[in-house]
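Following the hints, complete the assembly by docking chain L onto the known chain G.
2 protein chains.
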Amino acid sequence: MKFDTIIHNGTIVTVNRNFDVINNGLICIKDGKIETVSSVPADYSPSGAKEIINAKGGIIMPGLVNTHTHIPMTLLRGIADDLPLFEWLNRHIFPLEAKYMNPANVRLGSLLGCAEMLLSGTTTCCDGYFHEDTVAQAALESGIRGVFGQGVIDFPAPGIPDPAGNIKTAELYAQKWKNESSLVIPSVFCHSPYTCSEETLKKAKRITRSNNLLFQIHTSETKNEFDMIMSRHGASPVKYLERIGLLDEMTLLVHSVWVDEEDIRIISKHGSKISHTPQSGMKLASGIAPVPDFLKHKIIVGLGTDGCASSNDPDLFKEMDVAAKIHKVNLLDPTVMDAKTVVQMATIRGAEAIGLGDKTGSIEKGKEADIIIIDTDSPHLIPMYNPVSHIVYSAAGSDVRDVIIAGRLIVSNRELLCLDLNGIIDKVNLLAAQIKKERI
Amino acid sequence: MKFDTIIHNGTIVTVNRNFDVINNGLICIKDGKIETVSSVPADYSPSGAKEIINAKGGIIMPGLVNTHTHIPMTLLRGIADDLPLFEWLNRHIFPLEAKYMNPANVRLGSLLGCAEMLLSGTTTCCDGYFHEDTVAQAALESGIRGVFGQGVIDFPAPGIPDPAGNIKTAELYAQKWKNESSLVIPSVFCHSPYTCSEETLKKAKRITRSNNLLFQIHTSETKNEFDMIMSRHGASPVKYLERIGLLDEMTLLVHSVWVDEEDIRIISKHGSKISHTPQSGMKLASGIAPVPDFLKHKIIVGLGTDGCASSNDPDLFKEMDVAAKIHKVNLLDPTVMDAKTVVQMATIRGAEAIGLGDKTGSIEKGKEADIIIIDTDSPHLIPMYNPVSHIVYSAAGSDVRDVIIAGRLIVSNRELLCLDLNGIIDKVNLLAAQIKKERI
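Same order as they appear, the protein sequences are chains G and L. Using the working numbering, the letters of the first sequence correspond one by one to residues 816 to 1255. Using the working numbering, the letters of the second sequence correspond one by one to residues 816 to 1255.
The hints are simulated quantities; they were obtained by calculation from the structure and are not laboratory data. Careful: at least some of the hints might be erroneous.
Copies of the same chain are indistinguishable here, so a pair counts whether it falls within one copy or spans any two.
In silico SDA-like cross-links for lysine to any residue, where the CA-CA straight-line distance does not exceed 20 Å [stated by the list, open to error]:
1. K1242 <-> G872
2. K1038 <-> T1150
3. K1242 <-> N1201
4. K1155 <-> W903
5. K1018 <-> K1054
6. K983 <-> K1018
7. K1017 <-> M1045
Same shape as in the complex, but just chain G:
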């Protein structure tokens, strides 16, 4: 056999540098990597591979990249909505996390979250949570690719009752996972500039710098945070992070809503990346990040859904749709954030934002074979004049039929191949019934 897998009979949206769209395309995969991408030759009949996947006229595109998740929070989906951020966090989320987010439950929530992501076409995620060793283990079992950041915060947190141990925990975690798997890459996730001291931030960044890992941090999410940092440090969150030496190409600034012109120039100068989370910013009413300005300054911006406790599912198709629309109305300009830009943001730019741009995010020779196939036979995807428009404005996570990660078929005809979904759902329902009972 010349190839392991052949994918044919679909429209390939490559998201390569030219943004080539190939009608009636053909992809050949060997050893987890993409060997060839082309249109189907005349009189071609697919053969010479262990597995031949017929896309049945659908859209073949790179797997989506979710640059901001808190995967185990699936367990708290919809438990509290429509509340001010501080009330939501302090009265609901933090107490629930303290009580229920032990390793067994983190594992359960992670399995559910990975299942959801895979079934809605996400092949790579960038996570930040506590008990991240457990999250990473669950992710590995699910077959998803990702960057998994152990949480660091100067308060008691799940698994770290004494914050004095937060840096050590993160360091041990990073060392353990550093060369463990090609799919699971460790990282450190500092909660924010207002919940971590300068010393904590610097120590955490040191761990990632010395291991060439991604450093993630919620930054400039709310006006409240901005004011707090301004009054404590006399600078905006971005300027404060620059001053203490935290900005470089392996720093991912999550949210980045309350930033000014100078902040944007600083981010651009240091080559730091941004995770844009439009739906989370809308639902929590924190604000709208100036993404078109980021793009003008050549900053790499990926899309993120945030955790399910706030936003309430990790479907990146929904996130693309909203990302395309929110900036149009915000600037009263229907030409900004066109469908192509948004598709790039959900794939190649997302991959670049989390340090995996050379591995995933596009369908090109030599890249890992992270590929999804969208079934375009549903009435809401008929007719199809432009597959790129459909990806952003009409398709939903539930239209994803097949998912391939590193050449391995993970979802086939909407069935998860690596996880026992029904078993996971039963266990989550049992736990939720308990949580519900104890809250009343």
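Structure of chain L alone, referenced to chain G:
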């Protein structure tokens, strides 16, 4: 048999006046109407009905009401996006409509549109287009309920090459359908205050007034329109419409983005209704309607998706999600447009907005049995602490399993029972291939 249909084993979100949510609920239907709504008695085993529908633990709710559609425009879905409104309309949509929107194609687009709406849980729509007689006929065949408005505009339009005939066409249409069906209610849809003269507007309103029908009009959609009416008539669109006597309880103002305090008081005073179309306003960059202010003034506001050429599918679940979020970020207040308010907007308020509040929009004794069942077994709806949160923030149209309209099962286990979906799709694909070829 005491009943025609019994629905059991699900959580009923009634959307009645108390917004009662009934766990393990039971609905009995007779002659198309809801006879009883209750919780299941102890030791109950459903019997005594021709049809017994097991909701399998899902959410049972009123069918959704889409208060603004241009159904046949499914044919132009995704053909042009990310463009300024006037370029989009004049270079793309109007020429394509002139060329292709004949009765045969309007029928095809309408069948596709009705299929999509039904499959995503919409049981009632409020449409405005040309060749509306054809749209109404297609809708009747599909089994959907709706208000269908013949389009009136002072330009040549599909089916009315000479605008002098627009009023007569609308009048004949209204007379034909007035007592034709309990499901299909005629209406007149004036395109806007800037594309219809004062005389046209008054004549059109006279038809609807004398027949007690809904009068629909796009109003205050864009800043451009606002400026145009201001310079022509020295008043805002709303004040102009009031001055010429067009506002009353059977007037539906669609979009209503560019309105001020006084406009809002005027709309409230006359009891006119509003169709809120958040995604369309975002994508076309026309703006964000001040919906929380409308609600403070007790104006009845329904949700609408607009036509598929602009917004690009009629899934009201997506529209609910965005409606809940856009006002939160616009006002930087996460408590506005809570999930309950949004569910009401997509059901009972929508029904009230289009003159059908006594018939549909809630699950209550005596109402028409317009009911949908949401499958809650998918991972993105696990766990379920609060079904109302799930409806707005997590569910998608593709989660709707069964649809009942006027007591009749129209979608069963995601299969359309009245339409030949594959036949429709094949024909639309053929037409789209022709349109694509001719455009190149």
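Against the structure, the hints:
1. K1242 <-> G872: between (37 Å within a copy, 16 Å between copies)
2. K1038 <-> T1150: between (28 Å within a copy, 17 Å between copies)
3. K1242 <-> N1201: Between copies only: 18 Å across chains, 42 Å inside a chain, cut-off 20 Å.
4. K1155 <-> W903: between (35 Å within a copy, 18 Å between copies)
5. K1018 <-> K1054: Intra 18 Å, inter 63 Å, cutoff 20 Å: intra-copy only.
6. K983 <-> K1018: Within one copy, since 10 Å is at most 20 Å while 78 Å is not.
7. K1017 <-> M1045: within (19 Å within a copy, 58 Å between copies)
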